[in-house]
Amino acid sequence: MNTITEEELAAHGAWIASNGVDGARMEKTGSNLSGASLAGLNAPKAHFIGTTLSGADLSGAELPEIDCSGATFTGANLSKANLKNADLSGVTLDEVDFTGADLSGADMSGATLINANLTDAKLIGADLIAANLTGSKRDGADLTDAILSDTMGLD
162 MNTITEEELA AHGAWIASNG VDGARMEKTG SNLSGASLAG LNAPKAHFIG
212 TTLSGADLSG AELPEIDCSG ATFTGANLSK ANLKNADLSG VTLDEVDFTG
262 ADLSGADMSG ATLINANLTD AKLIGADLIA ANLTGSKRDG ADLTDAILSD
312 TMGLD
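Take this note's numbering: the final residue in the sequence shown is number 316, and no numbers are missing along the way.
Treat the hints as calculated values from the structure; they're not laboratory data. One should not assume that every hint holds.
[Said to hold, decoys possible] Label-pair distances were calculated between CB atoms; the ranges are: (1) Glu223 - Ala185: 15 to 21 Å; (2) Asn163 - Asp316: 36 to 42 Å; (3) Ala200 - Ala175: 39 to 45 Å; (4) Asp311 - Ala171: 38 to 44 Å; (5) Ser310 - Gly201: 32 to 38 Å.
This one's a predicted model, so the numbers in the text were calculated from it and none came from an experiment. The beta-carbon is built from N, C-alpha and C at its ideal position, and this holds for glycine as well.
Take the sequences, apply the hints, and build the full model.
So, in structure tokens, the structure goes:
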């Protein structure tokens, strides 16, 4: 099933509101959410480890501190999404639309962002060690204090 249920959202909301005492953290580890319509999703600290979200619409989503390590987002729409302090290490982010997204403090080490659109994105303090930004659009992107060691495609 390539969606997130109302029950999962309610349980996650209760988990966040109670600091982990009630409800349950959203666990979509290893799921296939390709093409899912998840615009505006509110799921901070959720787990999407190894999840396939290719072509998914997550525009305007509130996803700070999520763990998406090893996930695939090829062609997804994450425009204006909040991904502050997210774990996007080793994630495939090729052709993703990050226009106006906030990726401040995100761990994007080893991620591929080939042909990604980072126009007006905030990457303040993001870890882009060994990331591949080949062909990415970065007009207006804020890379203040970003860690760019061994980052490919910056020229």
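Here is how each hint holds up against the structure:
For glutamate 223 and alanine 185, the Cβ-Cβ distance of about 18 Å falls inside the hinted range of 15 to 21 Å, so the restraint holds. The hint said 36 to 42 Å for the Cβ distance between asparagine 163 and aspartate 316, and at roughly 38 Å that hint holds. At about 22 Å, the beta-carbon gap between alanine 200 and alanine 175 misses the expected band of 39 to 45 Å. A hinted range of 38 to 44 Å holds for the C-beta pair aspartate 311 and alanine 171, which are about 42 Å apart.
The hinted range of 32 to 38 Å is satisfied by serine 310 and glycine 201, whose Cβ atoms lie roughly 35 Å apart.
Checked against the numbered hints given earlier, the structure breaks only hint 3 and satisfies all the rest.
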